[in-house]
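Peer 1: Here is how the chains run, residue by residue.
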Amino acid sequence: MKKTIYSLVLPILIIFVWAILTTFTGYIPEYILPSPNEVFQSFFELIYNGILLEATLYTLTQVFFGLIVSAAVAIPLGILMGWSAKVEGLLKLIVGILRPIPPIAWIPFAILWLGIGLTSSIFIIFLGSVFPILINTIDGVKRIDPVLTEVAYTLGATEFQTIRKVVMPAALPSIITGLKIGVGIGLMCTVAAEMIGSNNGLGYIIVKYETFLTNEVNNQYS
Amino acid sequence: MITLKNVFKTFDHNGKTLEILNDINLKVIDGEFLCILGPSGCGKTTLLRMMAGLDMPTSGEIIEGDKVVRKPTRSRGFVFQQYSLFPWLNVVDNVSFGLELRGIDREERYRKSREYLKMVGLLPFQHSYPQELSGGMKQRVAIARCLVNKPNILLMDEPFSALDVQTREKLQVELVKIWENEKKTIVFVTHSVDEAVFLADRIVVLSKSPGLIIENVPIKLKRVRDRNSYEFLDVKKDIIQLLND
Ligand SMILES: Nc1ncnc2c1ncn2[C@@H]1O[C@H](COP(=O)(O)OP(=O)(O)O)[C@@H](O)[C@H]1O
Ligand SMILES: [Mg+2]
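Heads up: the sequence lines are chains X and D, in that order. Sequence positions in the first sequence follow the numbering used here and run 37 to 258. Sequence positions in the second sequence follow the numbering used here and run 656 to 900.
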């Protein structure tokens, strides 16, 4: 309980300063930064009319499917790459070239190849989340204490059994770390992708209401 | 029976070739308790790993029964010097690991595993996880995990070296009992003269750099051995003499 209160101190302070700068002093004009009460009001309005909920669900569904594809590719591949120097040697260069490309940079191709919509978004989420999962899985496999795999062999395990019963559980914490990072990046990618090529989701409503805002600003100046 | 014929082992280290073991010839007789004794770094672990099939000799041959040892199999169980339990499995699942590999059903697996856990005195801890156990308990579980798998031979690499003296001596007594009951062949590596004299039917003494066998010492002392008896201390003295020459 004390901890909860403690962690609330800073957010409340920020809202307080925000309110002073906007509502109470008008130091920052409304069209640059809306006041807290206006933001909360819009927030509740969006919740109330269901727009926000629907958009959130849409976005999360996309992230979910994107992550499933990523995990299905990255976990088995990461285990093989971490386990076998041969497989790693074969794929290292390709991964090294593709990995630094920001997933957002693929958006034009995604739209070109897959059109606007779910497939396109999933493709972008996949590209964003596949590498953190892959790299963490490889790392987890490589960091396994070799004595554990050797124990398995001396107890009569085949290589396949060793991978399944030792390598996989031993690398699981790293794989989960990779998935967590993947979720974060996946979410960022989706929202970004929706801002450009979508007609639904959180990114889409951000852009949609941005247009409203622009109109409002324009009205003020005209 | 395991036979080593003219076994040499070298490691390449930073471009240099290190001669670790030199012309090792050794027969491990069925049912015997053999200790391999030598100073740290003389190649004891390397020798045992080659017997297990975890490492290959640079030249020479290691034969178990009538087969050349090429890779680890369940007929040669190995107890490692470092703790080696699977941290994500509880004690009984650790012990069952080898049985599970062979597709033995859960009930049967647990029944057999519990039998061996009882033998090492850890039945009450069957549901504990490795991180909840002391060092001595971990090594006991590792021994049970090995035995339940019914190996022909048990290879043990200084399994008690990380334990305090009391625990170590207690486990030595238990190990001798297990060896007598199970009628297993044991090859036990150690750098402790006391441990070797307490456990062994025969001690193979290794020298350092390059490691070669300097002596084969049969230990005829009656079991259970008394570490404070004159005979025990005499044998110890002789072996320390050998190591110092
Ligand atoms: N994989 C390896 N590469 C290079 N040198 C090694 C390797 N394994 C062991 N050695 C060297 O071989 C020697 C013997 O090692 P080891 O068999 O572990 O000795 P012991 O178990 O008797 O203490 C040591 O000097 C060690 O540094
Ligand atoms: Mg050693």
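Some hints here could point you the wrong way.
[Said to hold, decoys possible] Calculated lysine-lysine pairs in the DSS-like style (CA-CA distance at most 30 Å, straight line): (1) K825(D) / K839(D); (2) K892(D) / K201(X); (3) K660(D) / K863(D); (4) K122(X) / K767(D); (5) K201(X) / K773(D); (6) K839(D) / K722(D); (7) K839(D) / K891(D); (8) K178(X) / K660(D); (9) K122(X) / K671(D); (10) K825(D) / K178(X); (11) K892(D) / K863(D); (12) K726(D) / K201(X); (13) K722(D) / K773(D); (14) K201(X) / K863(D); (15) K863(D) / K805(D); (16) K201(X) / K682(D); (17) K201(X) / K660(D); (18) K877(D) / K832(D); (19) K805(D) / K892(D); (20) K726(D) / K682(D).
[As the list claims (entries may be wrong)] Over 12 Å on every C-beta distance to chain X, these chain D residues come out as not near it, computed from the model: (21) H668; (22) I718; (23) S739; (24) W743.
[As the list claims (entries may be wrong)] One-sided excerpt, in silico: chain X residues whose CB lies under 8 Å from chain D: (25) P70; (26) P72; (27) T97; (28) F100; (29) I147; (30) L150; (31) G153; (32) I180; (33) T190; (34) I199; (35) V202.
No lab work stands behind these hints, which were simulated from the structure alone. For glycine and all other residues, C-beta sits at the position ideal for the given N, C-alpha and C.
Peer 1: Now tell me if each hint is right for this structure.
Peer 2: How the hints compare with the structure:
1. K825(D) / K839(D): Roughly 19 Å separates the two Cα atoms, so the pair holds.
2. K892(D) / K201(X): 47 Å, violated
3. K660(D) / K863(D): Given that 30 Å is the threshold and the Cα spacing comes to 20 Å, the pair holds.
4. K122(X) / K767(D): 40 Å, violated
5. K201(X) / K773(D): 25 Å, holds
6. K839(D) / K722(D): 19 Å, holds
7. K839(D) / K891(D): 25 Å, holds
8. K178(X) / K660(D): Cα-Cα ~35 Å, so violated.
9. K122(X) / K671(D): 26 Å, holds
10. K825(D) / K178(X): 37 Å, violated
11. K892(D) / K863(D): 19 Å, holds
12. K726(D) / K201(X): Judged against 30 Å, a Cα distance of about 19 Å means the pair holds.
13. K722(D) / K773(D): 34 Å, violated
14. K201(X) / K863(D): This hinted pair is violated, its Cα atoms lying about 38 Å apart.
15. K863(D) / K805(D): 34 Å, violated
16. K201(X) / K682(D): 35 Å, violated
17. K201(X) / K660(D): Violated, at about 35 Å.
18. K877(D) / K832(D): 14 Å, holds
19. K805(D) / K892(D): Violated: K805(D) and K892(D) sit about 36 Å apart, past 30 Å.
20. K726(D) / K682(D): Holds: K726(D) and K682(D) sit about 19 Å apart, inside 30 Å.
21. H668: 18 Å, holds
22. I718: 18 Å, holds
23. S739: The assertion about S739(D) is violated, with a minimum of 5 Å to chain X.
24. W743: 5 Å, violated
25. P70: 50 Å, violated
26. P72: Violated: closest Cβ of chain D sits about 48 Å from P72(X), beyond 8 Å.
27. T97: 32 Å, violated
28. F100: 27 Å, violated
29. I147: Cβ of I147(X) sits 44 Å from chain D, so the hint is violated.
30. L150: 40 Å, violated
31. G153: Status violated, d = 41 Å.
32. I180: I180(X) check fails; min Cβ-Cβ to chain D is 11 Å, beyond 8 Å.
33. T190: 4 Å, holds
34. I199: 13 Å, violated
35. V202: With a closest approach of 7 Å, the V202(X) hint holds.
The structure is inconsistent with the numbered hints 2, 4, 8, 10, 13, 14, 15, 16, 17, 19, 23, 24, 25, 26, 27, 28, 29, 30, 31, 32 and 34, although it conforms to all the rest.
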